[in-house]
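**Student:** Letter by letter, the chains look like this.
Number of protein chains: 8
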Amino acid sequence: MSYRHLVGGVAVLGAVAAGTFAVAALPAQAGPAQADAAQVRAGRTVVGAVGGRGWPVDHVLSNRSLTRATQELVKSAKRRGDQRVTMVIMERSGVIRLVVRTRKAGPQTYESAKRKAYTAVAFGQPTSALTGNETIKQIPGTLVLPGGVPILHKGFPIAGIGVGGAPDGRIDEAIATDVRAAMAH
Amino acid sequence: MSYRHLVGGVAVLGAVAAGTFAVAALPAQAGPAQADAAQVRAGRTVVGAVGGRGWPVDHVLSNRSLTRATQELVKSAKRRGDQRVTMVIMERSGVIRLVVRTRKAGPQTYESAKRKAYTAVAFGQPTSALTGNETIKQIPGTLVLPGGVPILHKGFPIAGIGVGGAPDGRIDEAIATDVRAAMAH
Amino acid sequence: MSYRHLVGGVAVLGAVAAGTFAVAALPAQAGPAQADAAQVRAGRTVVGAVGGRGWPVDHVLSNRSLTRATQELVKSAKRRGDQRVTMVIMERSGVIRLVVRTRKAGPQTYESAKRKAYTAVAFGQPTSALTGNETIKQIPGTLVLPGGVPILHKGFPIAGIGVGGAPDGRIDEAIATDVRAAMAH
Amino acid sequence: MSYRHLVGGVAVLGAVAAGTFAVAALPAQAGPAQADAAQVRAGRTVVGAVGGRGWPVDHVLSNRSLTRATQELVKSAKRRGDQRVTMVIMERSGVIRLVVRTRKAGPQTYESAKRKAYTAVAFGQPTSALTGNETIKQIPGTLVLPGGVPILHKGFPIAGIGVGGAPDGRIDEAIATDVRAAMAH
Amino acid sequence: MSYRHLVGGVAVLGAVAAGTFAVAALPAQAGPAQADAAQVRAGRTVVGAVGGRGWPVDHVLSNRSLTRATQELVKSAKRRGDQRVTMVIMERSGVIRLVVRTRKAGPQTYESAKRKAYTAVAFGQPTSALTGNETIKQIPGTLVLPGGVPILHKGFPIAGIGVGGAPDGRIDEAIATDVRAAMAH
Amino acid sequence: MSYRHLVGGVAVLGAVAAGTFAVAALPAQAGPAQADAAQVRAGRTVVGAVGGRGWPVDHVLSNRSLTRATQELVKSAKRRGDQRVTMVIMERSGVIRLVVRTRKAGPQTYESAKRKAYTAVAFGQPTSALTGNETIKQIPGTLVLPGGVPILHKGFPIAGIGVGGAPDGRIDEAIATDVRAAMAH
Amino acid sequence: MSYRHLVGGVAVLGAVAAGTFAVAALPAQAGPAQADAAQVRAGRTVVGAVGGRGWPVDHVLSNRSLTRATQELVKSAKRRGDQRVTMVIMERSGVIRLVVRTRKAGPQTYESAKRKAYTAVAFGQPTSALTGNETIKQIPGTLVLPGGVPILHKGFPIAGIGVGGAPDGRIDEAIATDVRAAMAH
Amino acid sequence: MSYRHLVGGVAVLGAVAAGTFAVAALPAQAGPAQADAAQVRAGRTVVGAVGGRGWPVDHVLSNRSLTRATQELVKSAKRRGDQRVTMVIMERSGVIRLVVRTRKAGPQTYESAKRKAYTAVAFGQPTSALTGNETIKQIPGTLVLPGGVPILHKGFPIAGIGVGGAPDGRIDEAIATDVRAAMAH
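Residue numbers (our numbering), protein chains in the order written: chain Z, 1 to 185; chain Y, 1001 to 1185; chain G, 2001 to 2185; chain P, 3001 to 3185; chain X, 4001 to 4185; chain A, 5001 to 5185; chain L, 6001 to 6185; chain W, 7001 to 7185.
Among the clues, some could well be false.
Stated by the list, open to error - One-sided excerpt, in silico: chain P residues whose CB lies under 10 Å from chain L: (1) L3061; (2) L3066; (3) A3069; (4) V3095; (5) R3097; (6) L3098; (7) R3103; (8) K3104; (9) Y3110; (10) K3137; (11) K3154.
Simulated from the structure, these hints should not be mistaken for lab results.
All C-beta atoms, glycine included, are put in the ideal place defined by N, C-alpha and C.
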């Protein structure tokens, strides 16, 4: 498997088992039965199941978690060196649920934070784990600098938290991680 | 004074005294001295004064007020009929300091809320006081529906709070007013 | 209640009972208890409930319903006079799940269809019921011409179907209604 | 039939016969057979027919017609009072095939011309015939001022020519008409 | 001549003589000779003439005039009641040569000023003379509120000055007029 | 021939014979006769020919093929590991005929899929064949990651199918290939 | 002089003599007299001179040259292998005076052609001379692939011609060069 | 510390002391007390302090400094070799306070100048000090070519001046530096 073509890798979403992958790469040999089996192993069917009749459901963030996120962002940014940062929280659909821009945050921080949130929720990993990824870098809207963390539900990314503005991306990511912990309380 | 040409009117910013206005409308007669006098009456010079040397200052929102705003938005929206709304807080510079989108808020709520915040901070009045204003309606980016309230500092608008998504704009504006009260605590 | 300020009216989402509205309009008298009661009467709490712990859920469209929608759009457009139309299906989050542009559809049809879908899912009604609404017309992204229908789940709009391109908007809306019926099969 | 809902009317594309229209407005009674019959009467099937196998075809403009269009635009604009205009020619797909901006044409002329071309090809009529149409005015991208003319092939609009910049829209439309005549040579 | 179709009228550019206009409106009768005659009367040929060989020329603003414009904008805004305004100067080509945003100018002032400058240079008149013009209002990018004045060279608009932000558009236009006078020194 | 300057190479469109290319590179020696000969060898004249009178034609997709494409996209995405992907089908003109976003597809999938479709139809090759192409990478709107396949008619690209969202681009491209096969039935 | 910082180099505009450059790099030593001298040597003062009073002038393209450009584009594209290209001609101000899109030109050709024209007029050189320039590549809106040529007036770029769509950029540039020659007739 | 992750480095804002940084990089050990101490050492609390009650303040540019900036830009550009440049001055909030485009400046100069101003105010350093920074290059809106300088107030960037258009970025930066000096008079 060449590096260039691989966006997130087998481990990205924790859902494509090695066997499945081979199947996908060799379409002529891929039967529905095998794919179904892989699906079950990955535990996806449960998440997306449509119960009997009616419409399927997706997991989203509660309003209360947004209150906790704002509170923690302000505290964590102060605690970690009085950082002037912006935070964006984006759901899997691409909807932005929360933006907080602290005082004196630079003009670039909104766009940075949004792109880190976007990248984290799109690929299901912290952006610090993607900084060497030349493939993702080509995809419009992404930013592969540290500062983005995904919010996972049963291993699937339902939202991303992006923080931008600290002089080192690792500070941004530490703040994003603090916020994620606060949201789960 | 014809209605069409008046954007906000004499009362908008509480700063153009009747005498000043005549001066402005009759440029040939307007001397610097008169203008200065009007300025002093309006109390503007103090806000914008540059003390001796150095750069002038503008008032902005504190980070803590954003925490309180998020908290109150969630509470007020629930209390006032479980409204699915989005709130945007914009400073006079046009910078967005806070966006909170509650669960199930419609796709139009971000843009509505942003425009109400923009209109309130641009013209220094609640948008409910501007709904009949055909002049403002022509200016790009405005929305003259209830739901926007300005945050004033010594009578001058330093920020606007916009809320959109409730079935009646007056509910949006009641929520925005709740948030403003909470920010000032 | 003045017409101008009312976006969708009491009937829009079927959720703000008369009593609730008075509460909302008179914030000083609105207690949480009353609001909660109104909420229960409107049946909203059930939809948005977070079961025990974890994240809340939103209803979305299944993939199979998109297959049925494409199939019916093509058939219905042909059956109703060989209309050259575009259809857009948008979820409540604003995500576009499906776009189908039939042959020779005009250049304006994508934007028309998108805005009708947006308006229908935002306000929970067919756009034909909103054509006289001057308030909604002011909100960016809307289009109050016939051709948009909402997909409701327990009375709440989870998606909108917009069709544009027929010489009469009522034909557009008839096609959108056909598609909605087919998706529910 | 209410005026508001009618975008272009029965006459717009010359394709929906009165009988067809009633059918469309009464979906329950519309059978495929009737629709097919109407289609044949309108002569549409021929245009869109897929010969045997393979893909269907659409009519577009030849390159030579663009040369003639540029030449005539420059001449006609000069002849009709040395007008400073911009011309845009857009095909039914929305593709812009030609833009010519004469010397000293104002900054608004490109957008005006583009929208007139768009409106003419979308609705199959000169824009001078649509100036009173409040429905079309609501559709994004349109401009219902004189200056746009469609290029028809067997009654169906395959392109639009838009001209903007003359002090009276009727001059713009006279130039557009000159260009259309030159293209057909 | 119906009002709706007339963008700027015979007087707009001071170039279409009554006789020319009739010619333009009756294309069949318009001969090149007549058009040329009208052109000469309007004095246009001189401006656009290409001397022998080489490229024609357009008039633009000098750099020094921009210095004077900035200086006067700041002084005039202060003198006329300490207005918080933004000024935009745009050339006929659409190029923005100068933007000055005074302290505390509202977020809407840039867009207002730009559109007034655009409208003034496009139609060759002060925007205060266009406030009742429903035709121009439909053209994208225009704003028919007072505050824009054209800079004319031999009667032809080579640039526009737009000012936005004062509580009354007439103050904006008085400032723009002051700036224009200063530029010509 | 340096690599950098070559967008697609001699083989891209299968139409520039070696002799033609030399001609093109040496304009002074290129006579119309030679060019015509090359054209005939490449078989292009037939496709673009204008029969006697009337307008030339371009090949586009039938509506039925879109129904089959939606159906196969949903099936193939499920079969190949329950991929959360978005598919875009774009014609040569740039018109988007179909967008299908499967459940839980990430926020980046629409843009990825659109760019792959765009790249495939622009250069007439699968995007997997272009991943090393630094020249194409510079052209705005392209994405040289696997997942895009062209639909060819007599060797000329009339549309592109782009798929994005699978953890490996080769899965995206396998799905796109499945869809293409289904459309041709 | 490091490569990275140099946008166009001493030779770009043919106007910064070696001596001037040293002056520029050593501001403390740069006196107006020296600069003026350099200016005269470069012959710039003449072009930008303001004759006595009134406004300065810039050179632009004549309308007739656009007619010749369209004609030659169509012919040259056919002659050089029946290329499906788009051509854009942009003046120094950034105004687009001409766009011609030949039949079957790909969706990327407009943007490519526009960027090549932009790059050629911005830096005063054929884009084929800039393909290795990493500095220019960073500037938004540029495209450093062959296909753009400047139109010079006394050594200064007054417009750029950009062509995109041929399989090799050198064919694009040969066509652009043909067009430039035709415009000068 | 890897190069890639570091946006501006310890020196960027002159505010994160070495001790603080270690703290930030090791969140588990970071206590509020230590952060507060670092904050005091960096002198930040003073700038952002909210005096008793009321809103905090940010430093912005005076109107008079804009007059001086325009004047110096025109003079410096002439003195340094008659450069055709554009200058943009942007405050920390992202607000553009001044744009001056000198005669014959190329079409790319506005965007270049804006991005240099943006980069300088975002990272608090001249852009010439950032030209090798691959991390900043990835952040949307930045341009790491010489020509941008920050305006600092007590070591914190309150605005950025960007200049673009000279053949060597160092000339651009020399002009920007001249302007900064003039503003401080």
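**Student:** If a hint holds in the structure, say so; if it doesn't, say that too.
**Tutor:** How the hints compare with the structure:
no.	hint	verdict
1	L3061	holds (8 Å)
2	L3066	holds (6 Å)
3	A3069	holds (8 Å)
4	V3095	holds (7 Å)
5	R3097	holds (5 Å)
6	L3098	holds (6 Å)
7	R3103	holds (6 Å)
8	K3104	holds (9 Å)
9	Y3110	holds (7 Å)
10	K3137	violated (27 Å)
11	K3154	violated (20 Å)
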